[in-house]
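Asker: This is what each chain is made of:
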Amino acid sequence: MSGASAIGLRRYRSVIPGFGITMGITILWLSLIVLIPLAALFLKTTELSLDRFVQIVTSDRVLNALRLSFGLSLAAAAVNLVFGSLIVWAITRYTFPGRRILDALIDIPFALPTAVAGIALTNLYAENGWLGALLAPLGIKVSFTPLGIFVALVFIGLPFVVRTVQPVLEDLDKELEEVAATLGASRWTAVSRVVLPTIFPALLTGFALAFARAVGEYGSVIFIAGNLPNVSEIAPLLIVIRLEEFRYADATAIASVMLIASFILLFIINWLQRWSEKRVGGQ
Amino acid sequence: MNIEVVNAWKRFNDFTALGGVSLQIKSGELVALLGPSGSGKTTLLRIIAGLEFPERGEVRFDGRDASLRSARERNVGFVFQHYALFRHMTVFENVAFGLRARPRHLRLPEEAIHDKVNRLLDLVQLKWLSDRYPSQLSGGQRQRIALARALAIEPRVLLLDEPFGALDAKVRKELRRWLRNLHEELPVTSVFVTHDQDEALEVADRVVVMDKGRIEQIGTPEEVYNNPQTSFVNEFIGESVVVPIVVKDRLARWHSMPLPIDVSGLRDGKANLFVRPYEMSIVSPDETPLHATIKRVRGLGASRRAEIALHYGETDLVLEIDAPRAPAIEVGAFVGLKPRNYRVFPALA
Amino acid sequence: MSLLTAEQIDPALAVDRAQERPGIRRRRGANDDPFVVKWAIILVAFAFLALFIVLPLINVFVQAFSKGREAYFAAITEPVAVSAITLTLTVAAISVVLNTVFGLIAAWAIAKFQFRGKSFLISLVDLPFSVSPVIAGLVFVLLFGLQGIFGPALHASDIKIIFALPGLVLATVFVTFPFIMRELIPLMQEQGTQEEEAAILLGASGLRTFWRITLPNVKWALLYGVLLCNARAMGEFGAVSVVSGHIRGETNTMPLHIEILYNEYQFQASFAVATLLAGLAIVTLIAKAFLESRIGKGNRP
Numbered sequence: 001m002s003g004a005s006a007i008g009l010r011r012y013r014s015v016i017p018g019f020g021i022t023m024g025i026t027i028l029w030l031s032l033i034v035l036i037p038l039a040a041l042f043l044k045t046t047e048l049s050l051d052r053f054v055q056i057v058t059s060d061r062v063l064n065a066l067r068l069s070f071g072l073s074l075a076a077a078a079v080n081l082v083f084g085s086l087i088v089w090a091i092t093r094y095t096f097p098g099r100r101i102l103d104a105l106i107d108i109p110f111a112l113p114t115a116v117a118g119i120a121l122t123n124l125y126a127e128n129g130w131l132g133a134l135l136a137p138l139g140i141k142v143s144f145t146p147l148g149i150f151v152a153l154v155f156i157g158l159p160f161v162v163r164t165v166q167p168v169l170e171d172l173d174k175e176l177e178e179v180a181a182t183l184g185a186s187r188w189t190a191v192s193r194v195v196l197p198t199i200f201p202a203l204l205t206g207f208a209l210a211f212a213r214a215v216g217e218y219g220s221v222i223f224i225a226g227n228l229p230n231v232s233e234i235a236p237l238l239i240v241i242r243l244e245e246f247r248y249a250d251a252t253a254i255a256s257v258m259l260i261a262s263f264i265l266l267f268i269i270n271w272l273q274r275w276s277e278k279r280v281g282g283q
Numbered sequence: 001m002n003i004e005v006v007n008a009w010k011r012f013n014d015f016t017a018l019g020g021v022s023l024q025i026k027s028g029e030l031v032a033l034l035g036p037s038g039s040g041k042t043t044l045l046r047i048i049a050g051l052e053f054p055e056r057g058e059v060r061f062d063g064r065d066a067s068l069r070s071a072r073e074r075n076v077g078f079v080f081q082h083y084a085l086f087r088h089m090t091v092f093e094n095v096a097f098g099l100r101a102r103p104r105h106l107r108l109p110e111e112a113i114h115d116k117v118n119r120l121l122d123l124v125q126l127k128w129l130s131d132r133y134p135s136q137l138s139g140g141q142r143q144r145i146a147l148a149r150a151l152a153i154e155p156r157v158l159l160l161d162e163p164f165g166a167l168d169a170k171v172r173k174e175l176r177r178w179l180r181n182l183h184e185e186l187p188v189t190s191v192f193v194t195h196d197q198d199e200a201l202e203v204a205d206r207v208v209v210m211d212k213g214r215i216e217q218i219g220t221p222e223e224v225y226n227n228p229q230t231s232f233v234n235e236f237i238g239e240s241v242v243v244p245i246v247v248k249d250r251l252a253r254w255h256s257m258p259l260p261i262d263v264s265g266l267r268d269g270k271a272n273l274f275v276r277p278y279e280m281s282i283v284s285p286d287e288t289p290l291h292a293t294i295k296r297v298r299g300l301g302a303s304r305r306a307e308i309a310l311h312y313g314e315t316d317l318v319l320e321i322d323a324p325r326a327p328a329i330e331v332g333a334f335v336g337l338k339p340r341n342y343r344v345f346p347a348l349a
Numbered sequence: 001m002s003l004l005t006a007e008q009i010d011p012a013l014a015v016d017r018a019q020e021r022p023g024i025r026r027r028r029g030a031n032d033d034p035f036v037v038k039w040a041i042i043l044v045a046f047a048f049l050a051l052f053i054v055l056p057l058i059n060v061f062v063q064a065f066s067k068g069r070e071a072y073f074a075a076i077t078e079p080v081a082v083s084a085i086t087l088t089l090t091v092a093a094i095s096v097v098l099n100t101v102f103g104l105i106a107a108w109a110i111a112k113f114q115f116r117g118k119s120f121l122i123s124l125v126d127l128p129f130s131v132s133p134v135i136a137g138l139v140f141v142l143l144f145g146l147q148g149i150f151g152p153a154l155h156a157s158d159i160k161i162i163f164a165l166p167g168l169v170l171a172t173v174f175v176t177f178p179f180i181m182r183e184l185i186p187l188m189q190e191q192g193t194q195e196e197e198a199a200i201l202l203g204a205s206g207l208r209t210f211w212r213i214t215l216p217n218v219k220w221a222l223l224y225g226v227l228l229c230n231a232r233a234m235g236e237f238g239a240v241s242v243v244s245g246h247i248r249g250e251t252n253t254m255p256l257h258i259e260i261l262y263n264e265y266q267f268q269a270s271f272a273v274a275t276l277l278a279g280l281a282i283v284t285l286i287a288k289a290f291l292e293s294r295i296g297k298g299n300r301p
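Protein chains in written order, with my numbering: chain H, 1 to 283; chain C, 1 to 349; chain B, 1 to 301.
Hint data in this document are derived by calculation from the structure and do not stem from the laboratory. Backbone N, C-alpha and C fix where the C-beta goes; we use that ideal spot for every residue, glycine too. Take these hints with a grain of salt, some might be off.
[Said to hold, decoys possible] Stretch by stretch, here's where chain B covers chain C in the computed footprint (C-beta under 8 Å, at least three residues): (1) 71 to 81; (2) 95 to 108; (3) 147 to 160.
[Stated by the list, open to error] Pair by pair, the computed Cβ-Cβ distance ranges are: (4) B:Val97 / H:Thr189: 50 to 60 Å; (5) C:Lys248 / H:Glu175: 51 to 61 Å; (6) C:Val283 / H:Glu175: 51 to 61 Å; (7) B:Gln114 / C:Leu348: 33 to 43 Å; (8) B:Glu250 / H:Arg61: 55 to 65 Å; (9) H:Val82 / B:Ala289: 22 to 32 Å; (10) C:Ala309 / H:Thr189: 50 to 60 Å; (11) B:Phe35 / H:Ile101: 16 to 26 Å; (12) B:Ala289 / H:Phe96: 11 to 21 Å; (13) B:Ala40 / H:Ile101: 15 to 25 Å; (14) H:Trp271 / C:Val318: 23 to 33 Å.
Chain H with its partners taken away, still in its complex shape:
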């Protein structure tokens, strides 16, 4: 039957015209905009000797920058995981005034340009800012410290967790919890043993997406970071600095490390999403 024509070893002749030309244009366009430029990065990296590459990547400043980027991204993603889950729970399970506004607000970090978020957060948490002024007497400095970077990364990562988990929790069959309840499980047991395992892949995916986004983030961070080498200098900023110093080799080497890291992350995310679909699909 025609319906059985699953993804084939080759394309079947089709009555719908234009495969050759549209596929040709697609591959050309993808190559010109994405593949060739990314390949150029790796090509430039190969111009470095291995010793030189290792020397650049393992220099203190680079290591500190990478450690800062990955460490704070991890922390921010973890915070988003916790608060994102609570927010999703509130939106999907409760009715309360302002629920739809709450839902709409989640997307602001997606839509708000990073530079705008950057200056707004910096100003807010500066010592004379609305929040900074409250925190200063407690001896807490946010703007121009790693804590500031963390705040910015929490801001941009939140929607990833919420929007990944939300559809899964919405689709979750509430009968499962009800069955657990009829079997004598306490509410907490029902949630932790029935709901949590089901949405677990989605939680992980959201966490990984927030983490991946945070690692590469630039615009919202550089204003609030203070950008002190070895202390509050993120890896993307170091790339830009090296580029402005015309130290292309350094910039390229750091970039290729980050790119490989994000490809690995992408791979993990893809795998998680497939796993998640399989799990939820099996319900």
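Dock chains C and B against the given chain H, drawing on the hints supplied.
Answerer: Coordinates of chains C and B only, in the frame set by chain H:
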């Protein structure tokens, strides 16, 4: 228009959808392609339409190779199983699409298109819906609009894929009759795909029974029903009671006892005896080696059925046959079975 | 749907219970959390969003008007600001058009045909999402910058890509590459090819089929993709920052202009320009909500 399919082959990866199919359809005929899912009937229909291309073999329209003309040029009316109505167009625009898509020099003026679409909507009795969108129609209405749209280009071949498949039972029956009448009125050759034998037998002039990418039998409804040529057709069409027997020395045997059954032309080995439920008589156990016990009688009036356990070695084979009015049968009675009419085919493997 | 409570099944029971435990009108269903837990979660959700999202947004507008309306309008009408706005609009317009045209072509090729390696191609399309914007800018510097692969050749023929409009467009197209395609491809795959087949059997040409059948069927999704693509194109900072060269009045887009003003301690002017982009974000979200209801409701115009 005559349609001729000559030795068509079509594979999807490892799946052979059509394994050498040949078929002739006479101009003006209404033919049903009948078979279970995966039998290749839809693929055959799509090959005739030009939506799929056979790897080997040919489709001819009036003797001419149709592959020289693309699907766009074949002027074939096609009704999809799920109608494929253009969801963003009104009913009117859907029906007018084919007329408006013609090359400029062949296109009718807009008023003529209007008249024609209205005539078609009259034909399918849905003119009052012309400003609706497909999502606002019922299944039966969509079906008829899809048909009107296909007829707008004045096709000489009308192809329908499971035309009644997605409809509920009552609408189904109505539309069957209506399609038959429509076909009579129009100068078209029609082919429709179905997995429902009642539909095929009731509507079609001829039925093409397919299984596993091959044609099992072609014939009028009477022929395929009363005179099935293969074991598959026998099982697929109509109800049958199947009794496994053995042919040995040109005699049919039931547990080595000879049965009074004609098995000429069959080789020695296992075979199946096919009997329609109403062709099986209940007789005295002395008259036949087929011994059975009556288990249950159910139903009322004309449609009374008897569940009968045929003693078959250690186990029983439960058959269901029409229960005779007279002589009255009793549950638990020990009886003999005797087919009045039957067919025998060698058992597969 | 929550489980029917005992009261719903038997109203008399409700009276009993109300008498039994005064003040509690309704017994909790199996899926209802305790009152305290529910409101604690809601409170935390609001507090978190207020702290991290609402307050920063309000701050943008408050700071922008901190020196009065005149200063606000002066900041967004000064020539350098106007040229940044114009440049941003130009870059976004070119990027959106390119991504729309090629997005439609790619979606047609990927969604309407069966071929080997389809899912791999779809993941390649998504690739720019996982690349840091800084790296997105860097790769074009490595290709077209003075020390880049094509740098000398471009310099010799006096073509400027980096530190000029083409570089800005390239970087923006890179970061917005997947937005439109990823809206179109799943929808077009889901819609299948039957309507196109029907159109072709009715005698329509390939182009007519595309314009009259395929495009109308995906128009809301396309608009949705364009909206998101445009928002990102106008707001893009990292990638554009790397290829721009920050030439005031020439290669400074709005986000870059905001950065420069901020670094020069012209906070109020910086926030004034930022309100334009924040406004864009809010409009985008409202339009997005509208389109989502549209897409969700079905495909009738």
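Asker: Confirm or reject each hint.
Answerer: Okay, the hints, checked on the actual structure:
Counting residues of the region 71 to 81 of chain C whose beta carbon lies closer than 8 Å to any beta carbon of chain B gives 9, which reaches the threshold of three, so the coverage claim holds. Restraint check on the region 95 to 108 of chain C versus chain B: 4 residues with Cβ-Cβ distances below 8 Å, three needed, restraint holds. Counting residues of the region 147 to 160 of chain C whose C-beta lies closer than 8 Å to any C-beta of chain B gives 4; at least three are required, and the coverage claim holds. The supplied range of 50 to 60 Å is met by Val97 of chain B and Thr189 of chain H, whose beta-carbon atoms lie about 56 Å from each other.
For Lys248 of chain C and Glu175 of chain H, the hinted distance range of 51 to 61 Å is satisfied, since their beta carbons lie about 60 Å from each other. Between Val283 of chain C and Glu175 of chain H the beta carbon distance is about 56 Å. The supplied range of 51 to 61 Å therefore holds. Taken as a hint, the range 33 to 43 Å holds for the pair Gln114 of chain B and Leu348 of chain C, whose Cβ atoms sit roughly 34 Å apart. Checked against the hint of 55 to 65 Å, the C-beta distance between Glu250 of chain B and Arg61 of chain H comes to roughly 32 Å, which is inconsistent with it.
The supplied range of 22 to 32 Å is met by Val82 of chain H and Ala289 of chain B, whose beta-carbon atoms lie about 27 Å from each other. For Ala309 of chain C and Thr189 of chain H, the Cβ-Cβ distance of about 52 Å falls inside the hinted range of 50 to 60 Å, so the restraint holds. Checked against the hint of 16 to 26 Å, the C-beta distance between Phe35 of chain B and Ile101 of chain H comes to roughly 22 Å, which is consistent with it. Checked against the hint of 11 to 21 Å, the pair Ala289 of chain B and Phe96 of chain H passes, with Cβ atoms roughly 19 Å apart.
The hint said 15 to 25 Å for the Cβ distance between Ala40 of chain B and Ile101 of chain H, and at roughly 19 Å that hint holds. Distance hint check for Trp271 of chain H and Val318 of chain C: the Cβ-Cβ separation is about 52 Å, which falls outside the suggested range of 23 to 33 Å.
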